[in-house]
Amino acid sequence: MYVCVCHAITDSDIRSAAGKGVSSLEALGDELRLGTCCGRCKECANKVLQQSLMESCGTGHCKLGSAA
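Going by the working numbering, the first residue of the sequence shown is number 3, and it counts up by one from there.
It is worth saying that the hints were derived from the structure and are not from the lab. Just so it is clear, the structure is predicted and the values come from calculations on it, not from any experiment.
Cβ-Cβ distance ranges computed for the label pairs, FRET-style:
(1) Val7 with Glu28: 16 to 22 angstroms
(2) Gln53 with Asp32: 16 to 22 angstroms
(3) Gly21 with Cys46: 15 to 21 angstroms
All residues carry an ideal CB built from backbone N, CA and C; glycine is no exception.
With the hints as extra help, turn the sequences into a complete structure.
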């Protein structure tokens with residue numbers, strides 16, 4: 003699903019970035035340019051990011067402690 007239409011960023015892109023260590027909305031902006039145009043995607047993007055980080059805890063690769 004597209005989360006950021008301005009930059010064609012999908013939930014899969016966000017999950018992939020989280021898997022590479024991205025753990026904050028600001029870092030998503032740096033990595034993917036997410037939220038750097040109109041900003042309407044930020045709330046949804048943060049939900050996808052937080053869910054992905056929580057799921058990583060179940061695999062033994064928890065990144066929640068570094069989330070902002």
